[in-house]
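Novice: Residue numbers (the numbering used here), protein chains in the order written: chain A, 18 to 410; chain B, 8 to 566; chain C, 180 to 471.
Hints in this document: simulated from the structure, not taken from any laboratory.
Any given hint could be a false lead.
What the hints assert, rightly or not - A partial selection of chain C residues facing chain B, derived with a Cβ cut-off under 8 Å:
| hint | residue |
| --- | --- |
| 1 | 253 |
| 2 | 254 |
| 3 | 258 |
| 4 | 279 |
| 5 | 285 |
| 6 | 342 |
| 7 | 403 |
Ideal Cβ positions, reconstructed from N, Cα and C, are used throughout, including at glycine.
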Amino acid sequence: MRLKTSSGVAAVIAAAALLATAACVSEEPASSSSDSALSGTGTGADCTIDETVKLGAVFSLTEAAAFAGGYQQEGLKMAIDELNAAGGIKYELILEDDKTSVDDSVAAFEKLIERDKVSAIVGPTLSGMAFTTYTDAQYAGVPALGVSTTAEGIPEIGDYIFRASLPEEVALAASIPAAKETLGLEKVAVLYDSADEFTASAFNTISDVLKEQDIEIVVEESFETADTEFSAQLTKVADADVDAVILSALPGATVPLVKQARDQGITAPIVGGNAFNSPVLVGLLEGASEGLIVGGAWSAAAETTGNAEFIANYNELYGRAPDQFAAQAYTAGYLLDQAVRADCDANREAIKDNLGQILEYDSILGPISIDEGGEVTQEPFVQIIRDGEFTIL
Amino acid sequence: MLAGYDTLITNIALAVILAYSFHVVLMAGQLNLGQAGFASLAAYTSTLVVPTEPLFGSLSPVLVGIPVGAAVGGAAAFLVGLPVLRLRGVFLAIGTIAFGEMVRVFMTNAEWTRGALGLRVDKWLTVDLAWIVVAVLGYLFWRLGPSRTGRAFAAVREDELAAGSMGVDVVRTRMTSFVASGAIAGVYGVMFLYFFGRITPATFDFSLTLGGLVTAVLGGYLVFFGPVLGAGFLTAVPEIQNALGVEAGWIHPLITGLLLLAVILFLPGGLSTLVARLRPARVRPDPGTEPDGLAPLPEPGTPIAELRGLGKSYGSVQAVRSVDLEIRAGEVLGVIGPNGAGKTTLVNMISGLETPSAGEGEVLGVRLGAPSHRFAKAGLSRTFQHSKLFDRLSALDNVLVGTHPVTRSTYLRRLLWLPSARRDERRALALAWAQLRRVGLADRAHLRPGALSYGDQRRLEIARALAAHPTLLVLDEPAAGMNHVEAGELAALIKDLAEDGIAVLFIEHNVKMVLDTCTRLVVLNFGEVIAAGEPREVAADPKVVEAYLGAEDEESEHV
Amino acid sequence: MLQQLANGVFSGSIYALFAIGFTLVFGILRHLNLAHAAIFTTGAFLGIEIATRTGIPFWALLPVVAGIGAVAGVVLERIAFRPLAGRDDEHFAGLISSVAFGGVLIALIQARYGTEPKSFPYEYFPNRLFEVAGLRVTLTQLVTLGLALALMLGLAWLVSATPLGRAMRAVAENPTAARVVGVNVDRVTAGTYALSSGLGTVAGALLALNIGQTDRGLGASIELIGFAVIILGGLGSLWGAMAAGIVLGLAEALTIHYFDSTWKGLVPFALLFAVLILRPRGLFGHIKVREV
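Next up, chain A with everything else stripped away, as it sits in the complex:
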């Protein structure tokens, strides 16, 4: 109040000067300091590192995507516990909840990178957050490994960005031809969630794959993530008499959609992607799940290395059956361990260099490779639900 005009003017000038400096954008390169205590002796299985290796994880443990984050947390924890029991390297897992929100996700990455100084980060749960958090991880030079970020364009963010999650287009590119072969598809209906980026992106893939396979889309209907009533869309599907219905939906909408489709008298087989791949879904759908065709990165029925033990141990530890989210997060723990052991070095640079070199690692997802671009390669599993069980098609 007592400020005189002259000092007011001075304050304005000072503020302007501050603004000018604050508004400047600087281009600092990522610093790649390495800590010699994080490199150990021996190689591969014999590698020992004295220092505890800190790994970060960001999952959605609350709010909308908690259905996935819960499994991921459990799967990754289990892997880290097993690795610690195996000895040689001691891992410390620092887990953050991004509350299914972008701001918390970015803040969690910052905490792990800047304050906890982790060697690598697993997560986040949703591609939508990965697009913004991964640019930060790239900038800071911290390797990040996605376990459920299946959207197009994720590994392209940079050379520190990797994923062990089968892209949706690969899953669909496998399940649609497989379905075509078994069922002889000619005319299909496509139903997709237009408000969610994962499903909207998958819808684009579906359209492309169907075109490649010479399958005609006779009905194309959309809905929004929070919808629970689909009868109007399904009536159009029922009227069209299609050979199959291809669905791109999150688990929340999948159950009512499939149930209502059966109620409307749609008997055509239903084909879906990654999001279908959950034992909970089968439980929720009960009888209606019969005949669903699902393409995914993991199958409970697959006879891959260690899969049976994984399922048994998971059931024992958490009292529920694992799903694909759990399996992929579990695998991510082993992939990181592989990358650390390759040079027996848990520095960020070493992990980055070695994650991109993983070739045909024998995991519960089957042989899995990650290339230097950060993209995963693995065989998708196409499954059909028969008698309430996932069966490999």
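Given chain A, put chains B and C in place with the hints provided.
Specialist: Below, chains B and C alone, put in the same frame as chain A:
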């Protein structure tokens, strides 16, 4: 900056900015919940105009985005406001929510927004720039508080009817707050985009709106720094839980919810109440000077109002019918009549609160039917039958609102610290204090109306009306509920005012007081003038006696 | 086409079910109860848990759920609304306290039921399919529509013909005057919340049965449509809410049928916006609009 906390600190800044877009409407008592829509429009539009490279080699492109966001958000709010500002309360809230949802669905389906896949841009917003924007907003709101515009906001929030009668243009004030809200939401949208580098239509959804509202109310919207408190609190709670080792999961939202509930229940006015307890509000002291620069009142005897055949009906009920009346400067005109005779309806028409359904008239050069603030500007000032004081303002601030018609806007000049703004504020203060002294409330200037006795509240309302330096003062049953000592003081005050040249029109049941003070008396019954003239003659008129002793009409009056 | 009309009516009956409890509180007390969505979700989870644990039949389940819902409603009113009565910021604070209460409920649901969706036990409700003249209708749809109508009738009777209903109408008209003439306003307020939340929980359980599952977002997914319904129907008009729910359901179904399902989401809000501008008291409203 604190290394490793940049995002956290910027998140707080963004939350503060979002909360300010609610703060500015809550200050004016409007429940606008369309911020998500304004932010979305602004953010998506900015992707079309903001350059992808730094300006002049080193300046952040967000410097272009921020004004664009403010302009888009403000313009959208103006266009939406034109129809929706006719709504109030919950209806306004739901109408604006509907707007926000429409924007979201539109952005999901538009091609250029890439729908649910979202847009990606480079991250150009730094933590410093975010806090500079917060500082600018904080400054704008700090200077707004004790300015004429700030008082208009508060008056509209507390009581739109009374605010209008004090000369505040209610429609314009509501629109101003609405547009400001849209502009700030637009800035928020752009800053969000360039901090996180990515938006999808679902970024700006209903939960974003709820979050902003919660932050603004939690912090408190009666003080300028409320949003900072709210955002700080909501960021600190989860961080503290993390620091205490509370495992991520359901416990976090549970504790946050419980704390939020506790603050709302035990701290009316939000967290700012705590600060107010530490530092009790100062009442701006009496400058002691006599108010200057007031226009002279018209010569006694000049006609200032003329009504011809005035009538008002509600459906089939005729509240007032064919009233002819002239009011002259300097006279004290009493209006009496049984309950339901139409007295209040008559003065409501004269002061612009109700539109006549028949007849015409002019008061201080303003035709009847104009909005109430026009009459106030012209020199009419009034009190209400049931006092309509601004409950959350101190007695002094109540009276300061009254100075609205005789002061100039000071806000923009206050932003620049111009000495003339200070002079104008001191003058308003002098006006207000003079009226408080006049009605004998100077020692209670810091109290809220609720803490005053009933008689004091009525006198405060008169002081507020007098602060407008009225030519015509309308008092609706000012002595109701006063004891006779107080009523006697009031009568003396009215005579005093008349001597100063103010015309007084007052409705009163206390016949003795009317006879003591009035120079002329009008008697209404069933909406019609049944007698008019010299008070004592009128009082003796048999028709008047009959009207008073006859069966009383039970119909109640409002306002 | 006929099928689409039927679809519209059925989905509209769900909107109406959500909205009647909502509009009751809004119409009588002018509170915008933002915890209603959480109460609704609670009803869905409770219904599933009770059905799974006890196996009691469907017709017995709903009263049990309603009873618990009513208690929750009383608690909600006690904690989140009554302490604010008479405060200057009553209406703004009520929004926040109900948001907070809803947040606490959802957190408790996550604590008890975890993060996964839940569903009723297998074949808990015989979901028979009827085909009449090419029209496919399920038993759950018929039951939902029937219950929506029955609850509406019951509520309408309660409001118009019982002492509680009379007291409610008095409070709706003018709380101060109601108090003066001897109405126990506190009790009526608590009763209104009990009724509203009882209806809300039943509606939640019914929707969960209809769609086959529930998750924590069930209430939030329908909340915004609920806003549209109470305004379209007219302030506190129960029949208005029913009619508006069905109008919205039909409008959505017809948009999907004749236009494009991507624009379906716009329909309720565009309609709402238009009605607010053209006819602020709602399509069926007649009660005087009171300011907040």
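Novice: Now look at each hint and say whether the structure bears it out.
Specialist: Now the hints, each set against the structure:
1. 253: Constraint on residue 253 of chain C not satisfied, violated at 16 Å.
2. 254: violated (12 Å)
3. 258: Holds. Min distance 7 Å.
4. 279: holds (4 Å)
5. 285: Constraint on residue 285 of chain C satisfied, holds at 7 Å.
6. 342: Because about 26 Å separates residue 342 of chain C from the closest Cβ in chain B, which is outside the 8 Å limit, the hint is violated.
7. 403: Interface hint status for residue 403 of chain C: holds (6 Å vs cutoff 8 Å).
In this structure, the earlier hints numbered 1, 2, 6 are contradicted, and the remaining ones agree with it.
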